[in-house]
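J.: Given next are the chains, with one letter for each unit.
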Amino acid sequence: MQRTPLYNDHVKLNAKIVEFAGWEMPIQYSGLKEEHLNVRKNVGLFDVSHMGEIRVKGPHAIKTLQWLTTNNVEALEKGQAQYSLLPNSDGGLVDDIIVYCLEKNSDYLVCVNASNEKKDWEHFQKNNQGAELINESSAWGQIAVQGPKAQELIEKVTGIKASAMKPFQTQSMKWQGSELIFASTGYTGEKGGEIFIESSSTSKLWNQLLEKGQDLGVLPIGLGARDTLRTEMKYSLYGHEINDVSNPYEAGLGWVIKPAAKDFLGKTPIVTRKEQGLTRSLIGFKTIERGIPRQDYTLHDLAGNKIGFVTSGTHSPSLDAAIGIGYVQTQFSNLSTEITVDIRGKKIKSIVCKTPFINN
Amino acid sequence: MAYHIPEDYYYTKEHEWAQVDENIVTVGITEFAQTQLGEVVYVDLPEEGQKVTQGTSFGVVESVKAVSDLYCPVSGTVIEVNTTLMDDPASLNDDPINQGWLVRIEMDSEKELANLMRAPEYKKLIADK
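First to last, the protein sequences are chains A and B.
Start counting the first sequence at 1; every next residue gets the next number (the numbering used here).
Start counting the second sequence at 361; every next residue gets the next number (the numbering used here).
Be aware that a few hints might be false.
[To be verified] With a Cα cut of at most 25 Å, we get these calculated SDA-like pairs of lysine to any residue:
1. Lys16/A x Ile486/B
2. Lys349/A x Val420/B
3. Lys16/A x Lys483/B
4. Lys16/A x Tyr402/B
5. Lys286/A x Ser428/B
6. Lys234/A x Ala426/B
7. Lys489/B x Met1/A
8. Lys12/A x Asp488/B
9. Lys411/B x Gly345/A
10. Lys346/A x Thr416/B
11. Lys347/A x Gln295/A
12. Lys347/A x Ala426/B
13. Lys16/A x Ala362/B
14. Lys16/A x Leu485/B
15. Lys234/A x Trp255/A
16. Lys286/A x Ala426/B
17. Lys483/B x Tyr431/B
18. Lys347/A x Asn442/B
19. Lys483/B x Ser428/B
20. Lys354/A x Ala251/A
21. Lys489/B x Asp9/A
Since the hints were derived computationally from the structure, they do not count as laboratory data.
One chain only, chain A, in its complex shape (with noise of 0.2 Å):
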């Protein structure tokens, strides 16, 4: 079992610690629904340094990245970062990830999910066109800080005018010796960002972001919080909304994907199938009778045919309801179509609804 450089401050902080992907991680500190609520309040410190990061560097850095990612790399200049999906050649998906230029054409970093860390590097190392790849996981730490005053945090403890970003930006600098990047990027839909730091420098920083932040009514966040806040926000989640036969227009990613920019690997099977007309989306629900949805439950028509599954489900804290994401035949994904969800053998009335699911 792996541990963050941030373990022994979870100990600390009393949090609740659970294992994730073969990382020992904070599931919750002093209650999920208190940390859920502070960062759409206030703000949130989340331990995100189980991700991996993986370095593309070189003359054949954008080679190898256009190759690999469904996004057009080419269009990213220095400070910017775009999300983007590491497709396999069948046309599923293998990760969803971040690309960050550090220097264009030539230096970028790839921030990739805990879970496919290991299956990431290999995918990178057998499909490379050239670049230099260095596995940078467990050289650096990283922590996010999301919520309505967490560009004050990050500006009071780093120096970083963070509200003066636009989403999607970087930074890159000195923090008391250690190299630091800050992304204005989040998996909350609130402000802020997530900082990378040298693993031997987060554990320093993390206190000193509780610390400063105090005044501001900063709060640790666990993994629990951090999937309803994503859950609430639409957000996809590896192994829930796509996995490695997902098709990513059907999961509603359409907007990171560039066939007419560029040629990719699987771009042919993802293509073809968005041609021949997709048959399912990804949808937002809530449930109007009690219960709350649960990945894998199965959706239905007011017949009772099935007509799809639950991806992510759970109990809002910020609408205190239950909300659902989930694949239906597209023909049920209009607003306002009236869905079931059977939970436990009944089937519980739902309705097709906006997302996010608040309004942020």
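Fit chain B to the supplied structure of chain A, relying on the hints for placement.
T.: For chain B alone, coordinates are given in the frame of chain A:
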């Protein structure tokens, strides 16, 4: 952490408690169980009159994160359901031992009580967790 574990109750290895009053058994979850669950947001209980069997699931409690089955300590017929939990599931967290009781069961046979744990044995079970 010190949990309140009444001496006169019976316990299942799935962390339900059973309080026996002649042939009427009141059932709930232990303090240890509610701590493990976290904030309860949904409770699904059987209807009055429903037959239940020892060791099988008779309902669920859900936290934001997870679904947990409730296991019946004894076989019998459900004669009363704590419906206030449907509207206020969080009261299960506040007082699982008293206010947070789940159902009352008319037990078929008190011989089944021999399959349950008493307080000292249950304390040992959770001491290892």
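J.: Of all the hints numbered above, which does this structure not satisfy? Sort the numbers upward.
T.: The structure conflicts with no hint, since it agrees with every one listed earlier.
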